[in-house]
Structure formats: C-alpha cells, structure tokens
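One letter stands for each residue in the lines below.
Number of protein chains: 2
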Amino acid sequence: MAESMKGLKRSHRCAELSDRQVGEEVTVMGWVQKNRNKGGLVFTDIRDRSGIIQAVFDETDEALREKAASLRSEYVVAVRGKVARRSGAVNTNLATGEIEILPSELRILSESETPPFPIEENSRTKEELRLKYRYLDLRRPDLQRNLILRSRLATLTRQFLAREGFLEIETPVLIKSTPEGARDYLVPSRVHPGNFYALPQSPQLFKQLLMCAGYDRYFQVAKCFRDEDLRADRQPEFTQIDMELSFVDVEDVLDVNERLLASLFEEILGEKVELPIPRMTWQEAMDRYGSDKPDIRFGMELTDVTETVKDTSFAVFRGAVEGGGTVRGLNVKGQAEMPRKKIDKLVDFAKGYGAKGLAYLGILPDGTIKSSFSKFLTEEEMQQLIGAMEGEPGDLLLFAADETRIVWDVLGALRLELARQLELADKDVFRFLWVTEFPLLEWNPDQKRYTAMHHPFTMPYEEDLEKLDSDPGSVRAKAYDIVLNGNEIGGGSVRIFDPSIQSRMFEVLGFTKEQAQEQFGFLLTAFRYGVPPHAGLAYGLDRLAMLMAKEESIRDVIAFPKVKDASDLMTEAPGRVETSQLEELGLAIRTTEQPL
Amino acid sequence: MAESMKGLKRSHRCAELSDRQVGEEVTVMGWVQKNRNKGGLVFTDIRDRSGIIQAVFDETDEALREKAASLRSEYVVAVRGKVARRSGAVNTNLATGEIEILPSELRILSESETPPFPIEENSRTKEELRLKYRYLDLRRPDLQRNLILRSRLATLTRQFLAREGFLEIETPVLIKSTPEGARDYLVPSRVHPGNFYALPQSPQLFKQLLMCAGYDRYFQVAKCFRDEDLRADRQPEFTQIDMELSFVDVEDVLDVNERLLASLFEEILGEKVELPIPRMTWQEAMDRYGSDKPDIRFGMELTDVTETVKDTSFAVFRGAVEGGGTVRGLNVKGQAEMPRKKIDKLVDFAKGYGAKGLAYLGILPDGTIKSSFSKFLTEEEMQQLIGAMEGEPGDLLLFAADETRIVWDVLGALRLELARQLELADKDVFRFLWVTEFPLLEWNPDQKRYTAMHHPFTMPYEEDLEKLDSDPGSVRAKAYDIVLNGNEIGGGSVRIFDPSIQSRMFEVLGFTKEQAQEQFGFLLTAFRYGVPPHAGLAYGLDRLAMLMAKEESIRDVIAFPKVKDASDLMTEAPGRVETSQLEELGLAIRTTEQPL
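So the protein lines, in turn, are chains R and X. End of the first sequence = 1121 in my numbering, gap-free, step of one. End of the second sequence = 1121 in my numbering, gap-free, step of one.
If you're looking for bench data, these hints aren't it; they were derived computationally from the structure. Fair warning: this is a prediction, and the values are worked out from it, not measured in the lab. Don't take every hint at face value.
[Unchecked claim] Computed footprint of chain X on chain R, listed as stretches where at least three residues anywhere in the stretch have a Cβ under 8 Å from a Cβ of chain X:
#, stretch
1, 666 to 674
2, 706 to 720
[As the list claims (entries may be wrong)] So these bits of chain R aren't anywhere near chain X, every CB distance computed over 10 Å:
#, residue
3, R561
4, D573
5, P640
6, E652
7, T696
8, A723
9, T764
10, E917
11, A938
12, D951
13, R974
14, S1025
15, P1057
16, A1084
17, P1099
Using N, Cα and C, we set each Cβ at its ideal position, and we do this for glycine too.
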C-alpha cells in the first residue's frame, strides 16, 4: 500500500520554494491539503511544516494525472518535478502563490482515512475531539506556529543565558516530599516499600544548593509538577525557566532579566521593549490598580476617596472606614448612561470578589447626577467626591467600601472586566512592569499565623528587619514579579543567606527548630559551610509562550496537554496498572471497606 | 555575623584576572581556599567557579590584616583591591600565578564551619560522605569542570540541532503505563483514585506522533525514568538527547549525527573527529570483536577457526561444532609466557560469561608450544591452527568453543579484560563507530517467542521482509548504534510507517490484534491518517558527558545523583509521607498481613 521513498530525496520544504527555483527540478514531501480536478487538470496542495505548495498534474502524463486524481486529504506524498511560474491566477494568500510544481513523479507514501475534523486554522471543532486526536490537531498551521515559537523561545533563552555566564544544570525529578506549598505528586519506591519520592514543584532548594556549591549562575528549563485542581490556565506539569545568581542583589537580577526579555521579544516578535522596564512597588500597584499584576496598557486607576467620604452620612462608606477599611473608586469614562441592568451585572460581578455591593454615580452629559447613594450625601459632599474622582460629564463612577484587601480585589477585578467589555487594552501592545517590595508575610486567618508570601527563604529589606517582631505584616521582602499585560509571567526574590536571619524567619513563621530541621535540614546544614548572597527568578514558560503567541489558553502552546481532570484524552492516562506492579510497590488500592 | 555586600559589586571572577588588570582596582568574591600567615603577611587564596586568585594583606592596614588572619577555609568573602604583579614567587600551577590582589577592603559575607572533608581535586574521601554533603563535593574543581562541560554539551547540541531545522518540543512526563519494556515508575492519580500515570522510559511514542503531526524534525533533551536495579552506571532518572526526523532513511540520520558529534568534540575538547565515522554491520562487529559495541582503539580481533579444528580429535572443539556452535580464538601478542595462575584467572573470568572453559596455546619465543590441548591435535593440525591465528613466537592464543552467542560473549569480554590488563587502549583517543543492520528479532528462550531487539516499531530492511515468516531470526533491522571507545552512546532506527508491515510485525511478536490495540492503540490509530517515513536516534547524555570528561562513573557528571538503592543520600529521598496524602490518593501501604 505504502510506496517507498527509495531513490528520492527531499530537496526543499514546500514553502521554501520561491521564484528563485523556477526551472529547477525539486522534490517535496508532505500531506495533501486539498486536491481538485478542474478543466482536465489536477491541482494538489501539498502541506508541510513550512507551508503549502501547489502541484499541477496536466495531460502530459495520463497515468500520473490519474494517480494524482486518486489523492485524498492527508495522504502523504512525494512529488518530484520542475518549478514553474503559475499558469493560472497568482494566489496572494500563499507565500508560494506565484509558483507551482509540474510533477514528473508522484509517490503515495501513506494513505489516510478521512480525518475526524478538517485540518485548518482557527478550528471550530470542539477541543475535546481535537485533544483526542491531538496528532491531527497538531497539524493545524496555528498550532504549528505556536510550537515553533515555543521552541525558539526556549532556544533563544538558552543562548542568551549561556552568553551571560549561566550554566544549565539539571536537578532531580525524583525528590523528597515536603509538606509546605501545594500538593505533591508522589512516586512510590519499590526498593524502599512504604516510602515515596515527590515530583518537584520547583527546583528551589536545589538551585540554592548549587549557589552554595559555587556554580555562580544557574539556569534550567525545568518541568515542575503540582497536584492541584486545574483551572483553565493550569496544567499538572508545567515548564519553568528557572535561574539563580550568586553575589547579586535585586538590581542585578532585574537587569539581566530585562535584557533577556528585550532580546526575546525583539528576536521572536520584532517587538522593541523599552528598557528599563518600569517598576512599581507592591503597595503602589495595589493602590493604583487593585492588583499585584496590573495591566498598565490602559488607565482607569483606582482612587482612594476615604478621606473625602469618611464623614458623610452614607452608612456603607462610613461603616467601612470606621471598621478600618477604605473607600475607593473607579472612573469609567463615557459610561455614565450604562443601563441599570448592566450595572447590576457589575454589582454581581463585584460580589463574586467579596464585595457587599457597589455604589455608583453617573454624571450624565447634561451634568445631572444619577446615583445609588445620592440621598446620603449633601450636594457639597457629592461635588467633593466627583472632584476627587476627577469626574466629568459622561463618566460613570463606581465605588467599593470594605476592608482594603477586599476593595482592592473588587475594584482590581472590576477594572479588568470593564476593560474587557470596553476593549480598553490594545491587543497588539506588550507592556511590561516590575512589581517589587512585596510584603514578606501574609496573615493566614485560618491558621492564625503568618505564612511566607513567597517562600520561607525570601530576604527582607535590611531596613525593615527591626520590624520582624514588632510589626511583621509591614516588613517588605526583596521579592519581585515581572508582569506582562496584566499577567504574572515570572517572579523571584533575593534569598536569606544569613543563618541568624533565617532562624528569626522560621520563628516568625511558627516553625519549631525541629520542624525547620525536619523539612529543610539539608539546606540549613549547607548554609553552615559558607553560602554566597544569592537571588533568583523563574518564569512560567507556558504562559510566556501563550502571551507571545497571543493565545487564550496554555493548552495551545503545549504539544500534549492535559484537561481539567488532569487526564490525557489521547492516551487515556492515567490508567489502571497490573496488580503485580502494585504488589512490587507494597501498595494496595484502598476501598471504603478497607481502613488504612 | 554575615556582612552585607551592599555598595560592592563584583568586577571579575577570580581567574578572569590577568596581568592586563595590573594597577586596576577590582572586586572579587568567593570562597577561602587557603589562608596562611608568612613573614607578617596574610596570603589568602580565593576560589570561585573560574579558579583561584591570591590576595596578600600586608602591614599597610593592620586592622584589615587582622581580619584577614581570622579567615578560615570556605568562608565566603568579598575583596576589593588593586591588582599587582606578584612580589613573591610566581605560581606556575595557577592561571593567575603571576598576579595578586592587594586589598583595601575585606568583607566576610558568610562564615563556615570546618567542612567534613577538604575541598580538593581527586578527592579520596569516600563517595558516600561526599554524596551526603553533595553541595560541598560539588565545590571541587573537577566536578565543577564536569558540570560545566555537561552544560556546554547540552547548549552546543541544542544550537547545532536548531541550525539543522530541529524543533525542541516537550513531551509529557506524566504518561500512560505500558507493560512492555523495563519497569515503570508509577504516579498515583488523586483525581482518579486507583489509576496511575507512569514516568516515561523514553519519549518514543510521542516523538513518533510528532512526526505524524508534521513537525518534521524534533529533538528534546529529555529526562527518562526506569525502575530497574541499578548498576554502577545506571540512574533511576537519566537524560537523553532524543531526536526524530521525517522523510529520511538510515543515511540521513547517520549524516546529521556524525556532524553533530564532530562539532561537539571539536568545540568542547578540540578533538577532530574524522568523517565519515566508520560503519560495521552487527554481524561483522560480533564476528570480529564479539561485541555489538566494539572498542576499536586496539586490535586483538576474534578469529573463527571452526573450519580448521572441526575434524580434530579434541572433543571440546568437535563437540561444539557438532552441536551447531563454533570455535574462535584471540591472539594475545607477547603474552606466551603468561603464568599459569594468570591464565587460570582468565579461565574463571570466561566462565563468568558462560564459557565451559578456555583452551590456550602459548608459542614460546624459542618456538616451543605450551598448550592445554596439544595432546589432542596432531602436529600438523596444531600448525594449521597457529597459521589460521597468525600465531608467532611470543603469542598466547586463547580459544572458546560453544554456541556462537556464548563464544562471542566470552571472547568479546575477554578481549576487553586483556586490553584493560595490558593497557592496550589509548585513553587519549576517541574512536567512533556505527554498528548497523542489527537483527530485528531476538529469540527469547523463556517465553519461547521472538521479541523485538530494539522495539516493535523498528523497520526491517525491505529486502529481508520476505523472511519475516520463513526465517525471522535472520531479518535485519534498520537499526543503528553509535559506539565510542566500546561504549554505546546512542542508538536508533528507521520506524515502520506502513500499517501492513506493522501488523505483520505484531503477529511475529505474538501480539493479538487486541493486545496491540490495547497497548499502542493511539499510535496505530494515528498511523491511519497519513504518516511520513521517519527515523530517529537517542543519546545517553550522562554517558556521553562521562566519556568526554574522562570519568569512570556517571555520578561524576550528574549534579545530584542517586546511589545503588535509588536513594539520595543528601535529601534522604525517598521518604515517608503523611497518612493524609495516601488517603487522598486512595492508597494503603500493604503489609504482609493485608492481602491485596
């Protein structure tokens, strides 16, 4: 059935041909994209990774033309022939639209059944079916472009970092399970029954050990694993561009990463990234955007109106302020006449982020005011509020009043939702931002203790050290995130390298000495033998690739992704295994009748 | 305790300094390798990844000198000062031996306890202790050179393959378990209790699917996993340079890989690899060297003397021939007078490889013959045998007579053992060899069926296809191994892309249609939709790096290796996990009292 390619050698990929090859004999190999008879000729579009070329079989060789006429979509063929300028109309949609091949030989290397869905850009086939036949889905030119982009992204990252003196060092995948952080994937040990490895959530401890071992600059494009319930943009296995540097402080890490990003965006997308990338402290980001990863492609910033409204008779505002919270607002330009229904939807949206409600105020073009709370404010208070919000005729002002954290969350989310509805963000623009000086600690109300916002090895600012005991919540960390168009694409920190600060940190986090030793013993021991100041950063490669490819889902930049329940629809993993495999591991599957 | 590096910025790595910097003020940071008082001066050797520089603290600044005197091994320091030509003797052992730093500032960034072993090249500390403190072991310059070499190896491989049109595409780590091949590591699924992922033994199926999906040229530096009992040069997780190409045959794969190897050896070691790399069929390799991965740095080839001895009255020889076996010999030059004791040890060695014994014959310098079997051969037969072996005075001839497989194994191993004892192989030479045309099938005497020597997707030579039913054992596969100094560093094959040949292959291997579908269903389905001819190859990166670094163990080119029982001595993985973790996975640890 399959013809051999013996004696033939591909000379070009399909779209590598151009008018420079006119008159030359070439051999291309690929998939039949389209085949049609017209006026006694057979036109065959042949597709490979590079693109499409048309072959035209005419009456010169009847047997050949008949063979060509038998071709069907997705057959794999080899075609040898001369390149000619098109006799028919030029196809301006095609890179090779001015030329065609006039074949003298055609081999059918592999036949194809009719595929379950057409191989075409922007497929409208539902994703489940496409994932089941992922090898066909991956033939679509848009997915091919994405994976080619991703491959270039990794290659150019490696080249850049190698030039900057980074060594790529592989850290283990079978490691020890630690209870901190997200849920580990476990791997039972056969040699040590009842014991388990874990798959790494990140190479964090190992990269710090490599700094301790003097490797100076490390990086790795590393697979990481988290057994969490998946959201749209999460995968159980994901890829990080992970790095760590010795003898550096915040500035050095930011500097090399800015140049890395500029180089990647220039080389892959032709986008010039202006350096330095703007920086904003976490406090400023929250105050202005209600988010630690603000999308700065558009304005519509938050305004703190607490001072303005704290003495009004509006109980919602006053109550929030008296309870230690704040009142903040958004000025939605030109939306004063937003229908009540739409506003109600925004209120519901806000409630989803923890708001009790949303106060609104529309300044109609004629200056009249339409507001949910006008009766509670005097005319003067109203004007002061509008003034504080820089409100003008046509503006819709939205307010949230609550604990500041909730106000930030609500207005931050609302700002993004409104930007989506009003198409405020330019999709063709890449706006980077460093967010710095994150809080070191987060109060965990359930556990009634502070937890590390980043991780327990993050270095506080030296000048804040004295507040570690008196006011732990206000201590700033030498942590930084890199944000692109409102997406956190990477983050990192300067690490603690002074054992005495590390001890204090563990104390603040409520670890006993024994617990710290049990969980991080080998790192703490390592730090007793001379450890350099060091800092690092890690990017989510999947998300970075997704943003560069302008896709909505990270599944579109991963060759074989998993779906929400962490299964692979193509291979049907995970699956059952043989009883003997479990016996070797000393494991039993637990049913409800079998207590542990 | 730890001083801050605030206000200081490293200007050079230690061994980046040379006489070009004389007179300049520089700042270096690193570990104290050695510190000594001499004649009122303190000499401090500072070490980093690049090497060592000496700082000399003199009487100009008493406080500074005293501080320097307090330094101990492995303290981490920052030193700012002027570079000067050495006032004392030049140290020719050091790249920076002609210069020194005259410091104006010294900061102790981190102190160190006395390390459990000295940080020095060619450590004689036992490996277990070094692995426990791997972060200290990794400070040793030889390990640092190895990991730097390994990093360059990966980087240059990627650059070369990217230039050749290969895309690096990541394949999943959480995959489906298949019963073929070695033992899988399993990962229990929490979302689907009682179901398991497996960690990949190789990306084989995925890379073939990528060819099916039109990616044309794929590669990946991929972590692979095998739960096997470890030998000295095996690790539970190991790294492959994995590649696959479409629209190619054997020649194309060999060509690109020869150029890859030549480029790597030239760039990393300055070694010129002469191309083309010699090729040898599997049959020839076995006949001449008794090995499918012959070390061709030296001769001492096997000679088949079956015809010469088959009619002698020596029952050992005759019996082997009559039983369908062969008699083959090695000519060990200049060892005719090897003491009986040593020969006996060789006989024992041979028995370890399945030999019943070893016949020997020494031609003493004066021409007399000393042999274990002279009484069974006539003078003429003896002379004919010596002639066939090209024996000369001084030679020791060793013979094995048995089934050919055993004879090959025995003499192949004996040849390597003798080469080791007699130091026949030049350690400074890299000799590559392609071994081609492997048998497609291997007879498995236990299961009384043929199994695939490579894997079930390996393509037979077209001209041998007709023997698939009549004489399966003689069918040659389009499989190839790349051998370096007697080590298999990589291997691969052309794959079957014709569904009808694949069906016949499964039949020969004794798979029912259902079994084939159950195990490889998604691949077989994929092959129904147009699959290109394709072929691939994978290198063992760990072993390749080991050979390039001239190390004896792959642990010396892996940052955090595991030991024979698959445990990590530093982190003490694998370990116990919380009961709640197992509960979430629906698993119980099985004790002997709990039947499954």
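Okay, the hints, checked on the actual structure:
1. 666 to 674: holds (count 3)
2. 706 to 720: holds (count 13)
3. R561: Since the minimum Cβ distance to chain X is about 18 Å, R561 (chain R) lies beyond 10 Å and the statement holds.
4. D573: At about 6 Å from chain X, D573 (chain R) fails to clear the 10 Å cut-off, so the statement is violated.
5. P640: violated, 6 Å
6. E652: holds, 16 Å
7. T696: violated, 6 Å
8. A723: violated, 8 Å
9. T764: With a cut-off of 10 Å, T764 (chain R) comes too close to chain X, as the shortest Cβ separation is near 6 Å.
10. E917: Given a closest Cβ separation of 48 Å, the condition holds.
11. A938: holds, 28 Å
12. D951: holds, 31 Å
13. R974: holds, 19 Å
14. S1025: Violated, because the least Cβ-Cβ distance between S1025 (chain R) and chain X comes to about 6 Å, which does not exceed 10 Å.
15. P1057: Contrary to the label, P1057 (chain R) does not stay out of reach of chain X, its closest Cβ about 5 Å off (not over 10 Å).
16. A1084: violated, 5 Å
17. P1099: Non-interface label fails for P1099 (chain R): nearest chain X Cβ at 4 Å, not farther than 10 Å.
In terms of the numbered hints stated before, the structure departs from hints 4, 5, 7, 8, 9, 14, 15, 16 and 17, listed from lowest to highest.
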